[in-house]
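> Given only the sequences and the hints, what does the whole structure look like? Please build it.
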Amino acid sequence: MIIASSVTKQFGKLKALNNVSLKCRQGECISLIGPNGSGKTTLIKCILGMVIPNSGFITFNNKNIAKDWLYRDEIGYMPQIGRYPENMTIGQLLAMMKDIRNTGIHEVDEDLIQAFQLTGMLNKRMRTLSGGTTQKVSAALAFLFNPSVLILDEPTAGLDPISSEILKEKIIAEKQKGKLILITSHILSDLNDLVSEVIYMQDGNLLFHKSIDQLRTDTGEEKLTKAIASVMIKGNL
Amino acid sequence: MTDILRSKIILIYTLILLIATFCVFGLEDNASKGILSVLNIILIVLPLFSIIFSTIYIYNSSEFIELLVSQPLQRKTIWLSFLIGLAIALSLSFIIGVGIPILLFQLNIIGFLIIFVGVVLSIIFVSIALLAAVQIRDKAKGIGIAILLWIYFSILFDGLVLFLLFQFADYPLEKPMLLVSALNPIDLARILLLLQLDVSAMMGYTGAIFKDFFGTVTGLIISCFVLMLWSAIPMYLSVIKFNKKDL
Amino acid sequence: MKLYLIIASLFILPKFGFANIIQVGPGKSIKQIKTGIQFAKSGDTVFVHPGFYREGNIVIAKKIYLKGIKFPVLDGENKFEILSIKANGSTIDGFKLIHSGVSNLEDYAGIKMYDCRDVTIQNNQLFDTYFGIYLQYGKNCIIRNNTTTAYYKEEQQSGNGIHCWKSDSILIEGNHIVGHRDGIYFEFVMHSTIKGNYSEHNIRYGLHFMYSNDDTYLSNTFFSNGAGVAVMYSHGVHMLRNNFRENWGDAAYGLLLKEISDSYIKGNQFNKNTSGIYMEGVSRVKVLGNNFFNNGWAMKIQASCMEVDIARNNFMGNTFDVGTNGNLVLNRFKNNYWDKYDGYDINKDHVGDIPYRPVSMYSMIVEKNPPAMILFRSFITSLLDKTEKIIPSLTPISLVDNFPLMKMLNQ
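Chains as they are written, first to last, in our numbering: chain A, 1 to 237; chain B, 238 to 484; chain C, 485 to 895.
I should point out that these hints are in silico values taken from the structure, not numbers from a laboratory. Be aware that one or more of the hints could be misleading.
[To be verified] Quick list of the computed label-pair ranges, beta carbon to beta carbon:
| hint | chain 1 | residue 1 | chain 2 | residue 2 | range |
| --- | --- | --- | --- | --- | --- |
| 1 | B | Lys-313 | A | Ser-21 | 28 to 38 Å |
| 2 | B | Ala-469 | C | Lys-818 | 28 to 38 Å |
| 3 | C | Leu-655 | B | Leu-457 | 43 to 53 Å |
Beta carbons are placed, not taken as given, at the ideal position from N, Cα and C, and that holds for glycine.
Now the structure itself:
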């Protein structure tokens, strides 16, 4: 579904992405992990067309994304920190996003809005919301249009345990529908029961891309956390 | 972009303009002197507010822009709708704050020309602000650049002109000055408006040369066209930059 | 028949005791003014009754009192000088003169006086004449309560309203002059008075005054003339209580003074002129008790002026108070009221405690470099003026009013 071939991105002297290639298929749930500054967010932004690579290209359903913008219709994106126009209410924001997304083509999935009890707060302005509530809005927006690809940047950061659990269940539900889900997170334990594939990045290099079973056999560790840790200690595979 | 219209700052801006203009017209005994004082608002306050408000607005919306970019929208559309939203909001406050009082006191061609120039200047400085904001990532630096740009257009440029005038005092400079005035939208707007007012007689020979140009329909059209260019070129450049920008 | 009448009148009129009054008019025995004048003897009166007289050039060569009743019309048919006066002591009263000839070679006029004295021209109305009332080599003449209106567009093809040349002891009073080249023109005219006239919308000057010494003009209004009023190459001129209004244009002055000495400018109003007073080569002139309101420059004093006293004037609402082109200032400012003065008066003597500098930095810049006028009303110029006020560098240090008044003078 998403294919990146030798994508390189440089910010000044810093090489954020160095010749990264990857393939993501439908039905996979991929965890993008790596230390801070390893290029995870940049990679996601490249896929979303927010960052334009210096070289290499990315295709989405076999179409180059550089000249296309409609493919984003298929993607639900939840940013690390969502910031929205301060004077808008939640209701207006949702209405605006629906307007942008031209609903009618997609059926609207308002599960999360219900589950997070956002319906009671539709008249609240965005600037009055707490960080956690804003995250809930971001998550709700990502799932709202029932997209075939979900890209979640640190989805559970800032959420209380209950909401975090709600979100996780939602992710699992979507995964079962056969969607491609791409998650970055540093809280590894959170992801254990979701992930089917792991991409590990360091200093802009994609070190490996393996299925979770493969990883377990390679490292001999049962738990994902430990498997990753052992990868980090060995430094390379 | 109702969001911008709802912002308190823009309401305060409108109110200040309104009060200032009414005060000016109330204090001055004749309307044409009032117009001259309103000119100061248009040439100093309006560009300053437009450029700074727009820059800050863009920086404050950076995350929102990110969100929009991740949506199935063309970047050009996103950027232009920001630009148009800001331009409409600022023009509207100008029209309410200055335009209405002007039309109450001076319902004639000069009044309309002032409103036109004010609106165009608002758009120009929104465009320039957006160009600055798209170029510079850091908010503090961006706002600093916006202020610098304003200082350049309202003070430094004229200082430079003054310097050149004295350097080349031995040459007839009136005609080259026509060209130079096109290089600064504030100057162009100022001269355009001054020549429509009766103070132009004070500008002597220089004024006469300028009047020969700006007084004609061709001159008026050309200068309006140059003002349009001033809003279009930064706008175009900023769209190109934004299309290539990493968010 | 006509001949008979004329002969009859010659004999009959004196017999019936009307020896010094001759009646001319459509219903009278004498139909033509020329004939009437012909029959008149020196000292006679000629009454002209209402009518339309088209008699070409009428010459008055003897002392008569020519009186129009209800403004009889004299038409010059755009060919002739209408009335030519060549005798002393004549009076022309109450005519309407229209369409004099226009010539570039000869100064055709509505009424022209040739080398005569004690002539009175009064209560006439002139329309569309080349020159209006023209006086040369006159003495003790009075031009009073006439109106003259011309409709010229260009300076070269127009004459002056009241034109006086090489004359002495003339009184010009209560006339209304519109649309000529110069409203009132004085050249080599001495000991004369111009009083209570209204001169407006003339193409060049409302009053043009050259080589004319010891004259007084007072209580006149000069309104919206092409270039205002010019007083040049004269001494002993008294300009009192005149009104200089709205002489507004690229090269317009309320009052242009050039090479003037030993004169007074007192109690005048300068309102809405591009330059209120422009002075060049002026010396020993007193400018007292005038009001300068809403002018571009209230005064422009070139460095060639000396010993000009400027005192007890009001300066209000002028864009620039004083402009000058040099650093040498030999003129004195004292006790004026300046609306831009922002000093204080601690000892409450109604005189400001710190001096006022009426020349702004920007006005100096413009004087040195006229194209700098394109920066008029820009931000930088007001900044420069503010800076200059704190640390004077370019403006002449000696051009200063050390005793500015705190309150406007009532005048």
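> Determine for every hint whether it applies to the structure shown.
Do the hints match the structure? See the list:
no.: 1; hint: B:Lys-313 - A:Ser-21: 28 to 38 Å; verdict: 30 Å, holds
no.: 2; hint: B:Ala-469 - C:Lys-818: 28 to 38 Å; verdict: 57 Å, violated
no.: 3; hint: C:Leu-655 - B:Leu-457: 43 to 53 Å; verdict: 52 Å, holds
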